[in-house]
Structures are given as C-alpha cells and as structure tokens.
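Peer 1: Chains A and B supply the protein sequences, listed in that same order.
No gaps in the numbering here: position 279 of the first sequence is 278 in numbering that gives the first Met the number 0, and each next residue is one more.
No gaps in the numbering here: position 83 of the second sequence is 82 in numbering that gives the first Met the number 0, and each next residue is one more.
It is possible that some hints are incorrect.
What the hints assert, rightly or not - Below, computed lysine-lysine pairings styled on DSBU-like, alpha-carbon distance capped at 30 Å:
(1) A:K246 / B:K242
(2) A:K160 / A:K127
(3) A:K299 / A:K281
(4) B:K160 / B:K111
(5) B:K111 / A:K111
(6) B:K242 / A:K111
(7) A:K299 / A:K286
(8) B:K281 / A:K242
(9) B:K299 / B:K246
(10) B:K286 / B:K246
(11) B:K242 / B:K299
(12) B:K281 / B:K322
(13) B:K290 / B:K242
(14) B:K127 / B:K111
(15) A:K111 / B:K322
Unchecked claim - Here are the simulated distance ranges between beta carbons:
(16) B:G249 / A:Y216: 25 to 33 Å
(17) A:K246 / B:R243: 31 to 39 Å
(18) B:P129 / A:Y294: 37 to 45 Å
(19) A:M59 / B:L212: 46 to 54 Å
(20) A:P168 / B:V49: 50 to 58 Å
(21) A:E383 / B:H189: 41 to 49 Å
(22) A:E214 / B:K281: 29 to 37 Å
(23) A:K246 / B:L212: 12 to 20 Å
(24) B:P446 / A:Y216: 34 to 42 Å
(25) A:M59 / B:L448: 24 to 32 Å
(26) A:A443 / B:L448: 55 to 63 Å
Honestly, the hints are just simulated from the structure, not real lab data.
The C-beta atom is built at its ideal place from N, Cα and C for all residues, glycine as well.
Number of protein chains: 2
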Amino acid sequence: MADTAQAAHEAHGPVQASHQEEVMVPHLVTALSKGAINELEQRLLDATPVIERWFRLEWMEHTPPLYCAVDLRNAGFKVAPVDTDLHPQGWHNLSPETLPLAVQAAQAAIEKVCPEAHNLMIVPENGKRPAYYYASLAKLQEIFHMAGLNVRFGSIDPDLKQNTEVRTPGGTTLIIEPAQRSRYRMGLEHFEPCTILLNNDLRDGAPGILEDLHEQYVLPPLQAGWTVRRKSRHFQCYQDVAKRFGKLIGIDPWLINPEFASCGHINIHEPNGGECLRTNVKAVLAKVRRKYKEYGINEKPFVVVKADHGPSGMGIMIVHDLKELDEIGKDGAQAKTAAQVPAGEVIIQEGVLTSERINDAVAEPVVYMIDRYVVGGFYRAHAERDADENLKAPGARFVPLPFSSDAHLPRPGTTGGPASTNRFYMYGVIARLAMVAASYELEATDPELAELAAA
Amino acid sequence: MADTAQAAHEAHGPVQASHQEEVMVPHLVTALSKGAINELEQRLLDATPVIERWFRLEWMEHTPPLYCAVDLRNAGFKVAPVDTDLHPQGWHNLSPETLPLAVQAAQAAIEKVCPEAHNLMIVPENGKRPAYYYASLAKLQEIFHMAGLNVRFGSIDPDLKQNTEVRTPGGTTLIIEPAQRSRYRMGLEHFEPCTILLNNDLRDGAPGILEDLHEQYVLPPLQAGWTVRRKSRHFQCYQDVAKRFGKLIGIDPWLINPEFASCGHINIHEPNGGECLRTNVKAVLAKVRRKYKEYGINEKPFVVVKADHGPSGMGIMIVHDLKELDEIGKDGAQAKTAAQVPAGEVIIQEGVLTSERINDAVAEPVVYMIDRYVVGGFYRAHAERDADENLKAPGARFVPLPFSSDAHLPRPGTTGGPASTNRFYMYGVIARLAMVAASYELEATDPELAELAAA
Chain A
0 MADTAQAAHE AHGPVQASHQ EEVMVPHLVT ALSKGAINEL EQRLLDATPV IERWFRLEWM
60 EHTPPLYCAV DLRNAGFKVA PVDTDLHPQG WHNLSPETLP LAVQAAQAAI EKVCPEAHNL
120 MIVPENGKRP AYYYASLAKL QEIFHMAGLN VRFGSIDPDL KQNTEVRTPG GTTLIIEPAQ
180 RSRYRMGLEH FEPCTILLNN DLRDGAPGIL EDLHEQYVLP PLQAGWTVRR KSRHFQCYQD
240 VAKRFGKLIG IDPWLINPEF ASCGHINIHE PNGGECLRTN VKAVLAKVRR KYKEYGINEK
300 PFVVVKADHG PSGMGIMIVH DLKELDEIGK DGAQAKTAAQ VPAGEVIIQE GVLTSERIND
360 AVAEPVVYMI DRYVVGGFYR AHAERDADEN LKAPGARFVP LPFSSDAHLP RPGTTGGPAS
420 TNRFYMYGVI ARLAMVAASY ELEATDPELA ELAAA
Chain B
0 MADTAQAAHE AHGPVQASHQ EEVMVPHLVT ALSKGAINEL EQRLLDATPV IERWFRLEWM
60 EHTPPLYCAV DLRNAGFKVA PVDTDLHPQG WHNLSPETLP LAVQAAQAAI EKVCPEAHNL
120 MIVPENGKRP AYYYASLAKL QEIFHMAGLN VRFGSIDPDL KQNTEVRTPG GTTLIIEPAQ
180 RSRYRMGLEH FEPCTILLNN DLRDGAPGIL EDLHEQYVLP PLQAGWTVRR KSRHFQCYQD
240 VAKRFGKLIG IDPWLINPEF ASCGHINIHE PNGGECLRTN VKAVLAKVRR KYKEYGINEK
300 PFVVVKADHG PSGMGIMIVH DLKELDEIGK DGAQAKTAAQ VPAGEVIIQE GVLTSERIND
360 AVAEPVVYMI DRYVVGGFYR AHAERDADEN LKAPGARFVP LPFSSDAHLP RPGTTGGPAS
420 TNRFYMYGVI ARLAMVAASY ELEATDPELA ELAAA
C-alpha cells in the first residue's frame, strides 16, 4: 500500500515547468460540446443569484471544511466531481496570482475558528516525501503566514525524533519539528498553536497524540482521516446535495452526479468473493447505459472501482464490460486484472469521461477551496492517458487554471460556450457542491454529534 | 457649493488611459526614505501576526463599513490617512485583476448582512454626473452581481421621474430607476432589495424616502452621510485608534496620525470671525514643528484647512505660515485667499507631504476596502501639483496599485525598502486603521445606540 501511495504522490511531478506554461481554456473536443454542457453552463449562469444564495444559506447551517480540493471531470455532456480531498496537497501548482484570494479566504477561516490566534501548526504527512510535497507545504505556510499567523510544522511521525530541515524545489528550507504533547494540548517548543491544521490524511489511523485535544481546534477533524472516511459516504452525501441542487435550478441531477454503489469487504480470492463487485458493476453500468440512451450519448459506459478509503490514485480498476470481471476470483485469473482490484471495501463509481485537452493531453480540472471560497485550481493533464483513464499517475503535468483573474466568476450578460471563461464558474459551483457534501459527511461522522444524538 | 463638488468630481477623469499604464512601485525620492519609513514598514512587517490578530479582535467588537476608500499620504517619514470616503467612487480605477478579491469580500459582506438576499439596490448620486461616475457604478454593479446578487440602481433624486439610461465610457448602458417607497420598504418595480447600498453621500441631507426603513438594511447607515458626518470626529476616532495601535507595536502614533484641530461655525467676514481658525492653525503648526524637530525633519510644516463636512476636494486652503491668515477677515482681504477658506465648520489638519512620484507626477495612494478586506487601490497622480498640494483636482490621473498580485500581503522573510512591494502591506494596514476609526465614528453617531444609551 505504501508503494502505491508513493506512486500516486509522485504523480505530482514534474512541477516547475507547469507554471511557465500558457494558460488557456481548453477546447472541448467532443461533438456534444455544443449541446448539453453549454445548456448546463447557461443554466448555472442564469441562476447565479439563486445559486449563491443557496450556498450562503447552506453555510449558515453547516461548517465548510477548512480546505478542500475537488477533482472534476467534464465529459461534454455532464460535469461531476470524482474525488474530494480534505487534506489537499499541490498548493504550489496554483497560479501565483490566486495567492491573494487564498490569503483572504484563510483570513475569513481564521476569523471564524480562532480569531485570537497568533499561531498555527501544520501537521504534514509522515515519512520522507518527494520534493514537490514540501513545495506544497511551503505554499500553505505562505498562505497562512500572509493571513497573519506564525506557522510552524509539527510532525506526528513517531520516527521523527528531532527537527529536520527539508528543501523545496524552489530552494526554500522548511523545518519539520516533532510535535509535543502535554495533557490537553499539542504544540512545539515555545509555540502554542490555537489551531492544528492537518495536512496528513491519517491513512494509518489517528495516533494517540491527536486525541482529546479539547483546548485546541484540530482541522479538518479526525473523522476526515482515511480510517473513518469512506468515499461512498461522501458520494452518498453528494448525491443528496445534487438532487436538491438539481431541483433548485431545474436540472437532472445526473448531469452533475456520478452514479455509484459500494461493497463491504470483498476478497476476490475467496469463493464468491467477487459477487458483490459483479452485481454492483452491473447495476451501475445499467444505470449509466439508460442515461446515455436518454441523452443520445454515443459513448461506451464504464465504471471505476476504487478502494472506499485511502487517497485517490491508489488501486484503481476500470471496467467497461462485465466480462472483464469473469476471470476474477476464478482459478487461473489473470494476475494483472486481479492485482488491480482494490482490497477490502470498494466503491464502484460511474466513469466520467474527460473531454478536455491541453495540447492533445487529456486534462481534468482540480478546484481548490479554503473556507467557503474557491481560491484557485489547475488542470491535471496526462499525455499518455485516455479520456476514460485515471490521470493521477506518474507523468501528469499541472497547468494552473485561470482562476487568477475573474474566470471563476459569473459574467453578467454573457453566455457560456466552448471557449468561455465562464467555464470556471461552473467548475467552482460543482466543486462547492462537493464541499457542501463533505460538510454533511463530516457531520454524519462527528463523534460529538453522535454522542449528543445518543444522549 | 454644487460647482465645487462638480469640479472635485471631474478630477476623476480622464480615466481610460490609466489602465494601460505600467504599474510600478513609485520610488520614494525623499532623502529620508532610507530612514524612518523603512523602519516603520519593517516594524509593521515584523508585527504582522500581532497586527492581523488585533484587526480580527476589533472586527469582533465593531462592524466595518460595507465599503470605504482611504486617501493616504506617504511623506517618507510618516504615512497617514488624510481622507476616508464612506461612499467611494472610482471603482473603475482599480486594476481588473483585483476584481476577484472585491467579489470575495462582497460575498463575505452579504453573508453577514443579508444571507437570504437575492437583490441589492444601489442608490447613486443625485443629478447628472460625468461619465466616469457611471463607469464606477458599473464596476460596483459588476462586483455585487458576481458575488451573486441581482443589482439595480434606485435613485432618490426627486427630479428623476422615470427610468433613465446612461452610458459609461466603456460602452455599458446602465438604467437608473426612481426608487419607490412603500410604508416600511424601498424598492423598484418587481424588485424587493434586502440591502440598500448608498453610493450617495447625502451631502444635501437624508431625504424622507430613506427614513424608517426598518425592514431593510441601509448601508452605510444614514449617519455616514455628510449632514451628520464630521471629518473632525473621524480623525478624533482615528487618533484614538492610532494611539492604541502605536502602543501595540511600539511606535510613536504621530508616524501614522495627522495632527488636527477643528472650529465650529467660522465666518471670516465677521469681526474676529477668523480667530478660532488662527488659534488652531497656530497650535497645529506648533505641534508639527516640534515633531519635525524631534525627528530632524528639514521640511516646512503646513496645515490644510477643509470644510468639516462634505466630500474632500472641496474648499481646501493650505497654510504654511500664520501670516497668510493675517489678511483674512480684514478689510481689503485678498479675495483669492478669502474665497479659499471653507465656510462653516472647518477642520485644520496637519499637512502630510507626499514623497511618492510616478513619472515625476506627485502621487498619493488610495486604498479600497469592502467589508474588512483590502480589495485594491490606485495612485492618484497629478503632474501640475506639488508635494504639499491637494491632488483631488482636475488633471489628476489614476494608476492602479499592484494590489492585483500579492503586493498588499506581508512577505515572510523579506524586508521593506524603497522599491519593496511590501509597501502595500503598510498602506493596507494604515487604511484599515482608518476603517476601524470609521466604524467607531458610525457607532458614536448611531441614533439607535444613542437611544439605548439614553434608556
């Protein structure tokens, strides 16, 4: 698992070149680009005041995660989130022009969480990480420093025994210090943080050092870590959000929602160990086929099978045809196919094609948010992958989205269209819907709320 | 008075050329630029977390005006606000790159004031205005539209009887509609605004149509209009803020505070009508002279006499020497000098030199804020004026400040200096101090708070 995770992380390089690249609105090459997606876009633009009001009211009732990055896929006929990261990396891939937006959003976040704060401690991922990860950490530190906080890194890695210097590709030196724990608080030498910002997805569990910190804010909360979190719960919440939102602006929620199903612990090496997978792959493919037919979409439906917990990019299997599953679990199963099936709980998600291209490379947008604001994004592009493949893989490149200017804002009196900068307003709306879903998800798994409900 | 106001307004043109101009950090030409101001700047940069925390705590107790523009003067040895506009125009002079910041701040403002809003009504200035005013209105509409509101213009001008189309220099057409009043609400046909945003400084008083709107938010509140507002009250509040802030970061408040005094109704044409003016000009000049001596500043102190109410740029007199006042009120007074003395209540403010230049033109920064955020700014530059003169005059040009990127944000690990982009962090801090003062001022004149206090 560690190896796969590492591979997924390395997908984030090379990084430096991307900033130099010219940013443009990718051209949608699908034949459908003049149809459904422009209609959806236009509907969103027309409904801007209704949409923004809806978000404001949502955020009165629910708390947005402190930060969040959402992978989107634009198929030309639908746009949907496919992954919501609550411990986002890749901050260094954002356009430098978006920095003031991120800082302003960080100020708003601090004001709500801990206005009296001087200090923020960021908990990075454990272990030695590739250089680009430290570039991302450095950017995160810069954002919160500019928002007016002293920022230091406190590691919860039990193997980190002393202060460790790491260098970013940009030449910045960061100091990672071992976090110290007192009875009720966590901190560093001469450093009492008010808020502890986790940039560690806790895939190996929340260690004791993070427990019972009742005097400090730990954000995102521990249940956002991958031992508690399940992708299927997130997409269940998202489905509910998409239904309500679809009703609000009068669209079929499927246009923004990927169908999914999930299986508990599967083990394809046991007899009937693949049954649940088979049943659900079949069901999701059937749903998607019906929708394709309804909209006259001449594409082959497919599903993506992923581990239901753990970061994206790990152990992903793409299935176009039920027959591909036939060999799984049988004697003589192709080792390759079997190896791709994630172990344990899985989510079977409708595969959403990406019809965007940057210089012929397949691309998908990733939208970054802090508090309730869209603060930037980039295209993840991969020259050696196809429109139905996972782009979070070695060889991916990153092209900052032009959120830097006003591209993510609705333009009054203009229309959408393949070359429209309004595209990014649509992306910002869909990404924020995923953020609303994340806030529901974190409420549903909040141990304190559960205690209250039980009492 | 209308003519002077008009002249002040026309000072805002020409506008279009300024956007094309290259934006740079003006070079401070004063010999002192390597001294005091860099020290002040460095102090502010070092104290960033303390400063930002201080602002956060202020905004927990006080409500920032919805928007605000502050004229600053950087003398090379001190930086001070000289005018705080609570109904700012000139939005079109901001760099287009700052738009997302303004929109994000507007979203934060709406969320606090009226989250359930669909509609916002902007009340423009009365009468026919020069084209650049409509360019500013169009930009304001754009900002709040992009923040997710339907925005229409409702005029309170009794002479405006029907919908009127106006064109901006950029070619946009705006529709100004006569505001309609029902018993408790104000609005337009088929348009129920939740918030009424005044871009009208009510210099001729708050008309009845604006009274008793208990079901809607009128922002800024009526007491921000010039019949109630007094510059001397603002600068009294600012002085208190500067003292506390000076203590916080360990600086002499004079480095950020312009000395001032005020006179009630003066009439220089009456016997002894100029006495108060004379006494106070003398007192302020003496204070400034002492400070110049203390800091070894080899400049001639001067004061600016302005009407205590009414927009800036109107009826301003600059006095370097008490002797200049000798002729005033006497028979045979020079008509020119006497005409410059504002009638009625006056404020006598320490003149703050501006040591900034753009292509040899004297320049002063103007900082724009929405809610508690700095969202942009520009340099007001005037080629035919001197460092001790008012630049708000016909012939002024506008060069957007590079707030567009991260220039207004404190850079970790870097220092200030004449060419430093950190200059704008300092300007943002001083402008926000003036905004804090404005919030105190509006509380002090709030009729509802006065009623509560009396009860």
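Peer 1: All hints are to be evaluated individually against the structure, with a verdict given for each.
Peer 2: These are the hints, each one checked on the structure:
A threshold of 30 Å between alpha carbons decides the hint, and for K246 (chain A) with K242 (chain B) the separation of about 55 Å lies outside it, so the pair is violated. The straight-line distance between the Cα atoms of K160 (chain A) and K127 (chain A) is roughly 13 Å, inside the 30 Å bound, and the hint therefore holds. The straight-line distance between the Cα atoms of K299 (chain A) and K281 (chain A) is roughly 14 Å, inside the 30 Å bound, and the hint therefore holds. Of the pairs offered as hints, the one joining K160 (chain B) and K111 (chain B) is violated, with about 34 Å between alpha carbons and a cut-off of 30 Å exceeded.
As the CA atoms of K111 (chain B) and K111 (chain A) are separated by approximately 12 Å, the hinted pair is consistent with the 30 Å bound. Distance hint between K242 (chain B) and K111 (chain A) is fulfilled; the C-alpha atoms sit about 27 Å from each other, no more than 30 Å. The suggested pairing of K299 (chain A) with K286 (chain A) holds, with an alpha-carbon distance near 12 Å, which does not exceed 30 Å. Of the supplied pair hints, the one linking K281 (chain B) and K242 (chain A) is violated, its CA atoms being roughly 72 Å apart against a limit of 30 Å.
Distance hint between K299 (chain B) and K246 (chain B) is fulfilled; the C-alpha atoms sit about 28 Å from each other, no more than 30 Å. A distance of roughly 20 Å separates the Cα atoms of K286 (chain B) and K246 (chain B); the hinted pair therefore holds under the 30 Å criterion. Proximity of K242 (chain B) to K299 (chain B) is assessed by CA-CA distance (about 25 Å); at most 30 Å being required, the pair is judged to hold. With a CA separation close to 10 Å, the supplied pair K281 (chain B) and K322 (chain B) stays within the 30 Å bound.
Between K290 (chain B) and K242 (chain B), the direct Cα distance comes to roughly 16 Å. Compliance with the 30 Å bound is thereby established for this hinted pair. In summary, the hint linking K127 (chain B) to K111 (chain B) is not supported, as the alpha carbons are separated by about 33 Å, beyond the 30 Å threshold. Our distance criterion of 30 Å between C-alpha atoms is broken by K111 (chain A) and K322 (chain B), whose separation comes to about 56 Å. At roughly 30 Å, the beta-carbon separation of G249 (chain B) and Y216 (chain A) lies within the given 25 to 33 Å, and the hint holds.
Against the hinted window of 31 to 39 Å, the Cβ-Cβ separation of K246 (chain A) and R243 (chain B) comes to about 51 Å, which falls outside the hint. Our hint of 37 to 45 Å for P129 (chain B) and Y294 (chain A) is violated, since their Cβ atoms are close to 53 Å apart. For M59 (chain A) paired with L212 (chain B), a C-beta distance near 24 Å fails the hint of 46 to 54 Å. At about 32 Å, the beta-carbon gap between P168 (chain A) and V49 (chain B) misses the expected band of 50 to 58 Å.
In this structure, E383 (chain A) and H189 (chain B) break the distance hint of 41 to 49 Å, their C-beta atoms being roughly 56 Å apart. In this structure, E214 (chain A) and K281 (chain B) break the distance hint of 29 to 37 Å, their C-beta atoms being roughly 57 Å apart. Taken as a hint, the range 12 to 20 Å is violated for the pair K246 (chain A) and L212 (chain B), whose Cβ atoms sit roughly 34 Å apart. In this structure, P446 (chain B) and Y216 (chain A) meet the distance hint of 34 to 42 Å, their C-beta atoms being roughly 39 Å apart.
Roughly 26 Å separates the CB atoms of M59 (chain A) and L448 (chain B), a value that falls within the hinted 24 to 32 Å. The hint said 55 to 63 Å for the Cβ distance between A443 (chain A) and L448 (chain B), and at roughly 43 Å that hint is violated.
Violated hints, listed in ascending order, are 1, 4, 8, 14, 15, 17, 18, 19, 20, 21, 22, 23, 26; each of the other numbered hints is respected by the structure.
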